[in-house]
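Peer 1: Okay, here's what each chain looks like letter by letter:
Number of protein chains: 4
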Amino acid sequence: MRDDTVSAAPVPLKWVGPISISGNVMSGLHEVPLATYETPLWPSVGRGAKISTLCERGIVATLIDERMARSVLFEADDAGTALAAVQALDARRDELQQVISRASRFAKLLDLHHQIVGNLLFLRFELSTGDASGHNMVTLAADKLMDHILSTIPGLRYGSISGNYCSDKKATAVNGILGRGKNVVTELLIPREVVTRRLHTSPEAIAELNVRKNLIGTITAGGLRSANAHYANMLLAFYLATGQDAANIVEGSQGITHAEVRGGDLYFSCTLPNLIVGTVGNGKDLAFVEQNIARLGCADDREPGENARRLAVLCAATVLCGELSLMAAQTNPGELMAAHVNIERKNAR
Amino acid sequence: MRDDTVSAAPVPLKWVGPISISGNVMSGLHEVPLATYETPLWPSVGRGAKISTLCERGIVATLIDERMARSVLFEADDAGTALAAVQALDARRDELQQVISRASRFAKLLDLHHQIVGNLLFLRFELSTGDASGHNMVTLAADKLMDHILSTIPGLRYGSISGNYCSDKKATAVNGILGRGKNVVTELLIPREVVTRRLHTSPEAIAELNVRKNLIGTITAGGLRSANAHYANMLLAFYLATGQDAANIVEGSQGITHAEVRGGDLYFSCTLPNLIVGTVGNGKDLAFVEQNIARLGCADDREPGENARRLAVLCAATVLCGELSLMAAQTNPGELMAAHVNIERKNAR
Amino acid sequence: MRDDTVSAAPVPLKWVGPISISGNVMSGLHEVPLATYETPLWPSVGRGAKISTLCERGIVATLIDERMARSVLFEADDAGTALAAVQALDARRDELQQVISRASRFAKLLDLHHQIVGNLLFLRFELSTGDASGHNMVTLAADKLMDHILSTIPGLRYGSISGNYCSDKKATAVNGILGRGKNVVTELLIPREVVTRRLHTSPEAIAELNVRKNLIGTITAGGLRSANAHYANMLLAFYLATGQDAANIVEGSQGITHAEVRGGDLYFSCTLPNLIVGTVGNGKDLAFVEQNIARLGCADDREPGENARRLAVLCAATVLCGELSLMAAQTNPGELMAAHVNIERKNAR
Amino acid sequence: MRDDTVSAAPVPLKWVGPISISGNVMSGLHEVPLATYETPLWPSVGRGAKISTLCERGIVATLIDERMARSVLFEADDAGTALAAVQALDARRDELQQVISRASRFAKLLDLHHQIVGNLLFLRFELSTGDASGHNMVTLAADKLMDHILSTIPGLRYGSISGNYCSDKKATAVNGILGRGKNVVTELLIPREVVTRRLHTSPEAIAELNVRKNLIGTITAGGLRSANAHYANMLLAFYLATGQDAANIVEGSQGITHAEVRGGDLYFSCTLPNLIVGTVGNGKDLAFVEQNIARLGCADDREPGENARRLAVLCAATVLCGELSLMAAQTNPGELMAAHVNIERKNAR
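Protein chains in written order, with my numbering: chain A, 1 to 349; chain B, 1 to 349; chain C, 1 to 349; chain D, 1 to 349.
Careful, some of the hints might be misleading.
[Claimed, not checked] Computed, partial: chain A to chain C, Cβ under 8 Å:
(1) I177
(2) S202
(3) L224
(4) A227
(5) H258
(6) V261
(7) V280
[To be verified] Residues on chain B that point at chain A, a partial pick, calculated with CB under 7 Å:
(8) A88
(9) A91
(10) R92
(11) F106
(12) H114
(13) V117
(14) G163
(15) Y165
(16) V174
(17) G217
(18) A246
(19) A247
Note that these hints are calculated values from the structure, not bench results.
Remember, predicted model here, so these are calculated numbers, not experimental data.
Here a beta-carbon is modelled for each residue, glycine too, at the ideal position from N, C-alpha and C.
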């Protein structure tokens, strides 16, 4: 009765670009693959990409931080026992690193945070995970760390391998504040003339719309660390095209667009604190994923982590392209609707 | 230099189930398609599905509400002008419906909300949209409504076709409170013996873990209307398999798992206020999507909206299956890790 | 051993102003009482008040909405039963009003909202409450409504007289979205010359600081519907001076400052969606409170609710004065610190 | 026209207790002063206090952490410049401490966090501040730190002495995650017989209500790191009675009540991550405040910070008493209303 054959959902994919990128990780002109059912996204990102090539430095991408986190949950005898455990573990980070090293040769303990609620102890392990996004690496490390802690610290009992203080694929504040994934800031300084001629709007209009819509509008909606037009769209398409665990667009969507007029030109930036991407690991062994990652230049022989950092920067630059294009469109009454109708007609399959 | 040919990201897909479902929309045994790079999801949902067939009523799914929203942004002369506009429009809902009807014969105005911030006016139109998820329908309607409002209400100027008080694909509170998408509650009463024998845990352990991890853990993480283990995983896989705009898993992830022990048995429920799915519209004309929707029984000749409601219920039931399975696994030290390792080995392609 | 005599905490109080106010509730020049241990607040609000008198219309205050809410909690047999109850009650609003009228002759049912989570039903009753802030009125009404509902709707059981979907004195999104208390927007258009000469800064500097600090800064902090410098300070001082339940500054603090440059002048606005104030009820029978409310002109013989609306406007205008003054100070390096040091020295008792 | 004389708002104050307290800071029986217009709070806290004396260890209070924070805002040339500044400052913590020591001999730099949004740099300085709550101490330190940083790090410009990533008196997530104020957990194990006889309810009823109302109810309301019935009430009354900056109840209200049944007894805990209290500083030189702090035993000659820690524990224990009493009342239909009516009648002045 049940069909056990694995088939596929062939999500339409197109390479878009090139995008002009510079920054502390990489530079150059790069095309990016976007897999999506919402095909108007392609020309939208393409328009932003074109703009990037008309700006002196292109999109300047700065990698701020990278880490992957897993929080475990212990039940302690009481809050005092939980606190004593935290203090003991803080003093034993070398020992914890040794345990982690038995789980993975790439994983390094970067930091350790905790929350104590009543007698519940949430421990958040933050690791560097090389070229992997690191979900499995941190879970495996957390598993071994729990065993070690339970056998060496008295008064604790197993609660859960994940205590949701991680947090994975949920709308929370912790990831933006403590870090989870790659934190990338992208900036583009667009000459006024490019804004007016190519985007048919003005630096003032885009900056004002950003304040009113992305900042104030999202705040009124009860937004959480979110101030953008549609990061999730670009993230989904890029994640699917490169074999990422695309459910991580949930936290990925929590970023901030900041735009200002500078000397008549437009400063436009996207801050993406939670890009969770990797070039190895789950999903990366599919043939088309391997090809796409290779074509992106992220399968080269480099220092561990370097390929994943490049991928994160490519992703972040893609987000800026799509965000800029939509923001420009929304400054003009009717443009968005007209664009959608036209594009859907053209792309009709 | 650039390859313009559209190719595809063939995301692995498998049909899982059957799931036993009853409730105010549909009932019966149903298999569901899940497209994902995280293939351990298949046996995980499959285990939950099996459990559903061992419970008397299966998963009881209650559709609470359905609507799609778009908020527009006006600049008003001042707050007083914005307030006068809101009062005028509230008194003219019939007229607004006429404007909407010119954009779509399916769209019905259900409600109208607003936020006034200084002299900014955010108007949130809430429509029923038949079998479509309704993104484009509300945008088209909003476009016509803005034209109409600008030409009939003095003191307003165009701000944006979307003011982010909608909100689309962002972590906000407004959708859960005012409604956006289908709001579906799923409930399953699992006999104690099924919990112990099939899930190798106890009702008490699952209920306690839910409080500590999904409720308290997520709260400590600064979660927003979110209390679950991994709704986003099931939503992504179901959305991709059925041609949905999967970036809507951002708000989809904001749901609440509630579990209690009742007379020794386990009451387990998932509340999903923001399922944004449709059986027609963007992405639904792809051949494999058409087949999948048809195989789900959601392409039949029914009242407008009925196919989409069935799809939402199938999706919600799928979420419960995956959530139950993971929660059960996390009550047992080591089980999650062992399961992942085993499954990844088995599924190695 | 225990001293049962009620004594007092004599919080220092000073009348500040006058503030120039206009709008849809009242107009004129008004002094306001501020009770606080943080005495630098007095000259700070005083400076803002002075500015208001130099602007053509003064502070324009627009009352957008008013209501008080209480949510009750029922346990239902299941979600379907909860939904049926909601539908039945929606159709019986007249009957609910009759029950409410037995609790208070002032209370009117304005709206009814709900949340269904699993088999839990949260019902949020929204009432107008005349000149009272209405905490007790809605609780009393909710008590009678619960009795009535439990005796007329099958399948429900008592959960709690308050289900926290109200919500009272907590950092939540629901009050800003559905309304609780008075929603007042205050706006002030300040001539450029007043900004430069009196506030020693520029319209551009204040508008820019507001975006960077109040909007973006608060968003990075994981703020919830909050974008201001220090509303809570003014609210506390005004609430204490007028006998309000000052713990309601928690939700009162959740408001939005919006500033823009307009034709070279400064547009400065404070949006306060949750001012919970009254001129009668708990705390209002203390002699000094009676005197203060009378001196504010809020104890006059007016239509029910009109005195409370005036009080809300006075409070909102006070908030704008203090917010403007601090924002101006923070545009200048060192000014805030110098001001604090000077004022504390002067106020040293 | 204006009355410049400083008068007072004499908020009614009563000593309540004694409360039985133990833990890592202090132990014994202690009465506490509560200043409030909501006088039913007195018997409510008194009932909880009585319960505490009937439990073996009384309320066990664990001080988890203490710090005060101020975030400053810099404008950087670009994100890369901001990142370089962060890296440089991280390597110069000793130097930063020297600057801080010039502002205060008590202030010690505990940690340094940052957020980079586009080219904006938010630096959060976290200090220990002895017996002071520390608002002014951190602002003064931040002022000197900004001067130092601006004169030693190139590419930065003054943005604001406060960038709202602190955050002070606002509903945000950062304080609970990174710490601000005293973090105190209070726990009480109440014998079943005490719950039934004195609180007229059961451990099961209180634990269940806590999950449904404080956890789930607040989550549906879009709550942020908040899960309690009314912490703000007790905090306000205690803060006013002891000369605290009571506007800090905004973040103080963001705590979590956790209750469970243990071997038939009731485990009841309140986690208060953001108690911002001091025994010296602003407001503490008022005569009645001095007396109250002395009577609390928090003006004794102790190690710096020890008096403030005791005060925080007394405050936290007070919160538990009031929370327990209200939660117990809400398990019983009608009790809350009856209690309010009776008490208000008795307390009528």
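Peer 1: Would you mind marking each hint as holding or not holding in the structure?
Peer 2: Here is what the structure says about each hint:
no.	hint	verdict
1	I177	holds, 6 Å
2	S202	violated, 15 Å
3	L224	holds, 6 Å
4	A227	holds, 5 Å
5	H258	holds, 6 Å
6	V261	violated, 10 Å
7	V280	violated, 32 Å
8	A88	violated, 21 Å
9	A91	violated, 23 Å
10	R92	violated, 21 Å
11	F106	violated, 17 Å
12	H114	violated, 10 Å
13	V117	holds, 6 Å
14	G163	holds, 4 Å
15	Y165	holds, 5 Å
16	V174	holds, 4 Å
17	G217	holds, 3 Å
18	A246	holds, 6 Å
19	A247	holds, 4 Å
In the structure shown, a violation is registered for the earlier hints numbered 2, 6, 7, 8, 9, 10, 11 and 12, in ascending order.
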